[in-house]
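Undergrad: Residues per chain are reported as follows:
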Amino acid sequence: MSGEEEENAAELKIGEEFLKAKCLMNCEVAIILEHKYEQIQQHSSESDPSSQVSQVFEKSLQYVKRFSRYKNPDAVRQVRETLSRYGLAEFELCTLGNLCPDTSGEATALVPSLKSGGRFVGDAGDEKIEKMLNDLSLIKKFE
Amino acid sequence: MFFHIVLERNMQLHPRHFGPHLRDKLVSKLIKDVEGTCSGRHGFVVAITGVEDIGKGLIREGTGYVTFPVKYQCVVFRPFKGEILEAVVTMVNKMGFFAEAGPVQIFVSNHLIPDDMEFQSGDVPNYTTSDGSVKIQKESEVRLKIIGTRVDATEIFCIGTIKDDFLGVINDPGAAV
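Read top to bottom, the protein sequences are chains W and S.
For reference, each letter of the first sequence is one residue, going 1 to 143 in the working numbering.
For reference, each letter of the second sequence is one residue, going 1001 to 1177 in the working numbering.
So that you can see chain S by itself, here it is in the shape it has in the complex:
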């Protein structure tokens, strides 16, 4: 789920950047340092939308660097256990399939795929129902529920299920419209 939140960060700036464009340099450094990163608490920082406040700079002892506390608004993506969302299938194998929802990867194990769907290997590996009416393959859009999250150093990884009611394929790229 996407959120718009205010975060705070201490930015260090070298004296060479001091001058009339100090604020701009601080903001571009903030964007470069923070956009695209991920934390367990806030999820992925997708984009910074604005800077709310830049506090007074404190010169650090021993070096000439100055630390500024910066408050900024940003869009983050944070997946939650129990959340239901839509994702695109990126890879299918006999253990299950991988799907992507924005920056987050979700794995759905074959144990959490309805029993009437079976794995078919081949050029385009897929899961299909016995009557062939529903198929999950690469680029299929599925609605899934997140049942667990794991936080790495640089990303969040989720596991999901499509076994509950109202979950499963939304759109089959192979089907005639």
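With the rest of the complex left out, here is chain W:
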């Protein structure tokens, strides 16, 4: 097993390097990778760009295209803006943006670190989470 015994994403123990890094949601990665793929297509003399990218790239591109909750770049931007208003860590923001839970119960089960740090305490905290999820689903509705 890996030597990182204390690593635990549920408690946001992911190492300082990644805590400070910019996290990307699947829909954001889809935009970046698709753009890169088109660039390779344009610059390449061969007709098949998939021979020029690594398997890691292809698999990642297929994955993010399949698991993107939002397809429209404006919607993607709105999701990040909306979630940024709630004082979330980058990792929490992207996990919520990727999984789109329906209820505050589901959200706290998927992102247990939400409940620590005094941000979403008690019933008021649950209501705040519900409002956040509501805002997210509105973006999806009007995408």
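Accuracy of the hints is not assured; some may be wrong.
[To be verified] Computed cross-link-like contacts, DSS-like style, restricted to lysine-lysine with a CA-CA straight-line distance of at most 30 Å:
1. W:LYS13 with S:LYS1071
2. W:LYS22 with W:LYS141
3. W:LYS115 with S:LYS1163
4. W:LYS71 with S:LYS1135
5. W:LYS59 with S:LYS1032
6. W:LYS20 with S:LYS1032
7. S:LYS1071 with W:LYS36
8. W:LYS36 with W:LYS71
9. W:LYS131 with W:LYS115
10. W:LYS22 with W:LYS59
11. W:LYS20 with S:LYS1056
12. W:LYS128 with W:LYS13
13. S:LYS1163 with W:LYS13
14. S:LYS1029 with W:LYS65
15. W:LYS140 with W:LYS71
16. W:LYS115 with W:LYS22
17. W:LYS65 with S:LYS1032
18. S:LYS1032 with W:LYS36
19. S:LYS1056 with S:LYS1029
20. S:LYS1056 with W:LYS59
21. W:LYS65 with S:LYS1163
22. W:LYS128 with W:LYS140
[To be verified] Label pairs and their in silico Cβ distance ranges:
23. S:ASN1110 with W:GLU38: 39 to 47 Å
24. S:LEU1058 with W:SER84: 39 to 47 Å
25. S:HIS1021 with W:ARG119: 49 to 57 Å
It is worth saying that the hints were derived from the structure and are not from the lab.
Ideal placement from N, C-alpha and C gives every residue a C-beta, glycine not left out.
Chain W is already provided as a structure; the job is to place chain S on it using the hints.
TA: Just chain S, lined up with the frame of chain W:
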């Protein structure tokens, strides 16, 4: 989880490449060397998005090669223990099932599949609940939690569970919509 980070690497270049296109040659060599590789610390390097800085080249003693320190931005995929993500099932057998999330393979053992799901062998091996309402087979989309990671020379391998709340099948390809 995907991250956008800045990494640094020392690139060695043979003098035959020196000339007006030195920078371009350095960048294409960087892309060829780094994209698609994997390290335990940063995970899989999916794509290089830009070069931030190329430092002064140092000629190496004895050979004519020059080493350039290159700082570049890239998208990486690094799975974490405790992370919950969605994956596609690629293979099902009686020990459990294999799923893929991007470049990473995840194995879910039958001990970490809910007890009410049983393995059914056949043309399309699958795990099904007793009432047949939920089925896990090849191409099913599942939400799972990573409970451990192992780093190999060239890849990261994970084990996961679907036994917790809100985990399991998201989409059954065999079900009528």
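Undergrad: What hint numbers does the structure not satisfy?
TA: Result: hint 20 breaks, nothing else.
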